[in-house]
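Trainee: Chain A is fixed; fit chain B onto it per the hints.
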Amino acid sequence: MNIFKKIAEGIKKTKDNFSKKMFYAFSAKNLDDEFYDNLLDALLAADVGVESAEKIIDELKDRTYRQKITSPENCKDLLKEILQEEIDFEIPEYEYTPLVLLVSGVNGVGKTTTIGKLAHNFIEDGKTVIVAAADTFRAAASEQLEIWGQRAGVRVIKHGEGSDPAAVVFDTISAAKAHDIDVILIDTAGRLHNKVNLMNELKKICKVVDRELPDADFRKFLVLDATTGQNAVAQADVFSECIDTDGIILTKLDGTAKGGVVIAISNKLELPVVYVGVGEKIDDLIPFNAEDFINALFE
Amino acid sequence: MALFQNLSERMNHIFSKMRNKGKLTELEIKEAMREIRIALLEADVNFTVVKKFIDSVSQKALGEDILKSLTPTQEVIKIVNEELVALMGSSTQKLLVSDRAPTIYMMCGLQGAGKTTMCGKLAGYLQKSGKKVLLIAGDIYRPAAIEQLKVVGRKVKTEVFEMGQIDPVKIAKGGIEYALKNGYDTVIIDTAGRLHIDEKLMDELVNIKKAVNPTEILLVVDSMTGQDAVRVAQDFNNKLDITGVIMTKLDGDTRGGAALSIKAETGKPIKFSGTGEKMEDIEPFHPDRMASRILGMGDVLTLIEKAQDAFDQEQAEKLAQKIRKNTFTLEDYLDQLDSLKKMGNLNDMIAMIPGLSGKLKGADTNIDEKQLGKTKAIILSMTPRERRNPDIIQSSRKKRIASGSGSSIQEVNQLLKQFAATKDMMNRMSKGKGLRGLPPGFRI
Numbered sequence: 435m436n437i438f439k440k441i442a443e444g445i446k447k448t449k450d451n452f453s454k455k456m457f458y459a460f461s462a463k464n465l466d467d468e469f470y471d472n473l474l475d476a477l478l479a480a481d482v483g484v485e486s487a488e489k490i491i492d493e494l495k496d497r498t499y500r501q502k503i504t505s506p507e508n509c510k511d512l513l514k515e516i517l518q519e520e521i522d523f524e525i526p527e528y529e530y531t532p533l534v535l536l537v538s539g540v541n542g543v544g545k546t547t548t549i550g551k552l553a554h555n556f557i558e559d560g561k562t563v564i565v566a567a568a569d570t571f572r573a574a575a576s577e578q579l580e581i582w583g584q585r586a587g588v589r590v591i592k593h594g595e596g597s598d599p600a601a602v603v604f605d606t607i608s609a610a611k612a613h614d615i616d617v618i619l620i621d622t623a624g625r626l627h628n629k630v631n632l633m634n635e636l637k638k639i640c641k642v643v644d645r646e647l648p649d650a651d652f653r654k655f656l657v658l659d660a661t662t663g664q665n666a667v668a669q670a671d672v673f674s675e676c677i678d679t680d681g682i683i684l685t686k687l688d689g690t691a692k693g694g695v696v697i698a699i700s701n702k703l704e705l706p707v708v709y710v711g712v713g714e715k716i717d718d719l720i721p722f723n724a725e726d727f728i729n730a731l732f733e
Numbered sequence: 070m071a072l073f074q075n076l077s078e079r080m081n082h083i084f085s086k087m088r089n090k091g092k093l094t095e096l097e098i099k100e101a102m103r104e105i106r107i108a109l110l111e112a113d114v115n116f117t118v119v120k121k122f123i124d125s126v127s128q129k130a131l132g133e134d135i136l137k138s139l140t141p142t143q144e145v146i147k148i149v150n151e152e153l154v155a156l157m158g159s160s161t162q163k164l165l166v167s168d169r170a171p172t173i174y175m176m177c178g179l180q181g182a183g184k185t186t187m188c189g190k191l192a193g194y195l196q197k198s199g200k201k202v203l204l205i206a207g208d209i210y211r212p213a214a215i216e217q218l219k220v221v222g223r224k225v226k227t228e229v230f231e232m233g234q235i236d237p238v239k240i241a242k243g244g245i246e247y248a249l250k251n252g253y254d255t256v257i258i259d260t261a262g263r264l265h266i267d268e269k270l271m272d273e274l275v276n277i278k279k280a281v282n283p284t285e286i287l288l289v290v291d292s293m294t295g296q297d298a299v300r301v302a303q304d305f306n307n308k309l310d311i312t313g314v315i316m317t318k319l320d321g322d323t324r325g326g327a328a329l330s331i332k333a334e335t336g337k338p339i340k341f342s343g344t345g346e347k348m349e350d351i352e353p354f355h356p357d358r359m360a361s362r363i364l365g366m367g368d369v370l371t372l373i374e375k376a377q378d379a380f381d382q383e384q385a386e387k388l389a390q391k392i393r394k395n396t397f398t399l400e401d402y403l404d405q406l407d408s409l410k411k412m413g414n415l416n417d418m419i420a421m422i423p424g425l426s427g428k429l430k431g432a433d434t435n436i437d438e439k440q441l442g443k444t445k446a447i448i449l450s451m452t453p454r455e456r457r458n459p460d461i462i463q464s465s466r467k468k469r470i471a472s473g474s475g476s477s478i479q480e481v482n483q484l485l486k487q488f489a490a491t492k493d494m495m496n497r498m499s500k501g502k503g504l505r506g507l508p509p510g511f512r513i
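First to last, the protein sequences are chains A and B. Position one of the first sequence corresponds to residue 435 (the numbering used here), numbered consecutively onward. Position one of the second sequence corresponds to residue 70 (the numbering used here), numbered consecutively onward.
None of these hints come from the bench; they were simulated from the model. Predicted model only: the values in this text are computed from it and were never measured. Glycine is no exception: its CB is placed at the ideal position from the N, C-alpha and C atoms. A hint or two may mislead.
[As the list claims (entries may be wrong)] Using 30 Å as the maximum straight-line C-alpha spacing, the simulated DSSO-like pairs for lysine-lysine come out as follows:
| no. | chain 1 | residue 1 | chain 2 | residue 2 |
| --- | --- | --- | --- | --- |
| 1 | B | Lys224 | A | Lys637 |
| 2 | B | Lys120 | A | Lys454 |
| 3 | A | Lys637 | B | Lys443 |
| 4 | A | Lys638 | B | Lys443 |
[As the list claims (entries may be wrong)] So, partial list: chain B residues that the calculated Cβ filter (under 10 Å) puts toward chain A:
| no. | residue |
| --- | --- |
| 5 | Gln180 |
| 6 | Gln217 |
| 7 | Leu218 |
| 8 | Gln296 |
| 9 | Asp320 |
| 10 | Asp322 |
[Unchecked claim] Have a look at the derived ranges for each label pair, beta carbon to beta carbon:
| no. | chain 1 | residue 1 | chain 2 | residue 2 | range |
| --- | --- | --- | --- | --- | --- |
| 11 | A | Glu595 | B | Arg457 | 36 to 46 Å |
| 12 | A | Asn464 | B | Asp236 | 53 to 63 Å |
| 13 | A | Asp466 | B | Arg103 | 14 to 24 Å |
| 14 | B | Gly336 | A | Asp522 | 39 to 49 Å |
| 15 | B | Leu131 | A | Asp466 | 40 to 50 Å |
| 16 | A | Lys611 | B | Thr491 | 47 to 57 Å |
| 17 | A | Phe523 | B | Arg103 | 27 to 37 Å |
| 18 | B | Leu131 | A | Asp522 | 37 to 47 Å |
| 19 | A | Lys638 | B | Gln487 | 26 to 36 Å |
Chain A with its partners taken away, still in its complex shape (with noise of 0.2 Å):
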């Protein structure tokens, strides 16, 4: 599978409307003050963000001046260059000891589509896998989950609704230890950062799960829909204070939205892009690659 292909078919929507601003704006003769206006427009479109945008602006200001540089086409590999900087971080392999995967994230950005895929992934890899149905809030969740592990040919755990999802997750343990399984991925409610019980909630969980598998590589995700502005800042935020979040899976890449607001988040927080969602099929999730993101968003 040609991973660039795929981001970049998934991203050719994103960049529509993006890189139609960013072509008028590199369609400029100099580097004036329009220029970098349109530019700013161009990343504010994207939900970059006042902040990230207008810092990045300035950030590009300053290596054209101290580079010299003086035609907008130049200018072009500088952005990149800063986006991508802002981007790039270096992820640990995983080690299977056993691997632990919690997904969290508010409500509808597609979580448990993203434990369908991240199962198949593993499966895929000849890894065993089982799934703890944690979410015993929503209406139905855990059929959904159930009908995703059919497709990936893997174990649900599942209680009733409206059961305790860390009984949910401790059962899961219990029989991953008994099947000496590889990797356990934890399918959660989603939650609204704002309410501090549910918060609670998912500190519970990750409490199970360190004190029942104390050598498990265990990596808690955010997952964030790339169509939420600003306020996926104030999610990563929370959920980074809460469970101190290993990384972010991007979803919903395949829509016209720009996922922008991964930059902000960078900037402000330092959590790495881990996945990006791409589409509905069961091997629509991929390992996020800076390079190839910022690259795509300019071709």
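Mentor: Using the frame of chain A, we list chain B on its own:
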């Protein structure tokens, strides 16, 4: 509903800076406009909408009258407020009802916007006003979507019509036939979430529209949506000519600029908002109130309405009398707790009180609703005589109450102390001394 709270904080900050300065210069107004621009952009208002908005406000604000005015900040606030209201629309837009039964509401939107949940909430809401509602399960794609609608339907006691995973056009037609035969006057059609650029699926919606001719086509939008909201709404509108918009997840801390952008760019009214996890968490959208919320003027009207819903008028008068005569007992306290609970989430209420939402930020405003339940348990473990006359509660009675309510003696003590303090406060208020810390003119 912390909606727009951050924006109102910013606006408050800008204008309190301006208030301190008295007369404003042209430069200062420009500075204020810049701040407002940033605030609106950070609130996810679409950047083209922001441009237009700032242009129109600055033009008015830079008019000579304002520069000469003695209270220029007030003038600027007034202009910003007026323009926001003009942008949002000033009146609440009701749902249309068809002359010929059944009235058909068709829901549409992106994946994860909250359509299925909103279908249930809307059904519950309409049933309260005496409608007989049928839900039609038209999402044949997402795994377990039909099951989800059924569960939601059970929660609001509404029948769900489904035909499994066949052509949604057939399901819609079949559902409406079923509604006619069985005396339903209102149907709500749930549809699958889809991308506005997915032509095949968008055509499917057009076909449903052609087949059943809905009274209203409602676009469901996540209020956290960013700059893309305008494009999504425009695409759905161009294809389907939607009649209205429903904003969901407004109980988050999103600033909800998407609402502003969609209204400004499509002209279609926002009719409802989803404000919580429970099925009754749905409210008609009040655009004018939103505008004053943006400006940090609080949402007193919603607060009063909620209070009116929760408190029985007669009961309230009796209570007022008791307060005046100082015969307020723990039994009345218990009634108050119940009414308070009925009004909804306490933090949301605080956010609606003008002048308080900004000030309480950072303070622990997380009022523990569990604590309320505990208080109730303690009072319920008392005998009626004890409730009317808490002075007789001494150590052995305290022990009994504590074990009866599953709490500690300290907790019982705390409650009694609290009650005494409340009574004392009421006593002082009824004598017209007022309550410190609340804004002037605001009385409980």
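Trainee: A separate judgement is required for each hint: does it hold in the structure or not?
Mentor: Evaluation of the provided hints:
no.: 1; hint: Lys224/B <-> Lys637/A; verdict: 29 Å, holds
no.: 2; hint: Lys120/B <-> Lys454/A; verdict: 19 Å, holds
no.: 3; hint: Lys637/A <-> Lys443/B; verdict: 24 Å, holds
no.: 4; hint: Lys638/A <-> Lys443/B; verdict: 22 Å, holds
no.: 5; hint: Gln180; verdict: 7 Å, holds
no.: 6; hint: Gln217; verdict: 4 Å, holds
no.: 7; hint: Leu218; verdict: 8 Å, holds
no.: 8; hint: Gln296; verdict: 5 Å, holds
no.: 9; hint: Asp320; verdict: 6 Å, holds
no.: 10; hint: Asp322; verdict: 5 Å, holds
no.: 11; hint: Glu595/A <-> Arg457/B: 36 to 46 Å; verdict: 42 Å, holds
no.: 12; hint: Asn464/A <-> Asp236/B: 53 to 63 Å; verdict: 57 Å, holds
no.: 13; hint: Asp466/A <-> Arg103/B: 14 to 24 Å; verdict: 20 Å, holds
no.: 14; hint: Gly336/B <-> Asp522/A: 39 to 49 Å; verdict: 42 Å, holds
no.: 15; hint: Leu131/B <-> Asp466/A: 40 to 50 Å; verdict: 25 Å, violated
no.: 16; hint: Lys611/A <-> Thr491/B: 47 to 57 Å; verdict: 53 Å, holds
no.: 17; hint: Phe523/A <-> Arg103/B: 27 to 37 Å; verdict: 33 Å, holds
no.: 18; hint: Leu131/B <-> Asp522/A: 37 to 47 Å; verdict: 45 Å, holds
no.: 19; hint: Lys638/A <-> Gln487/B: 26 to 36 Å; verdict: 29 Å, holds
In summary, the one numbered hint that this structure violates is 15.
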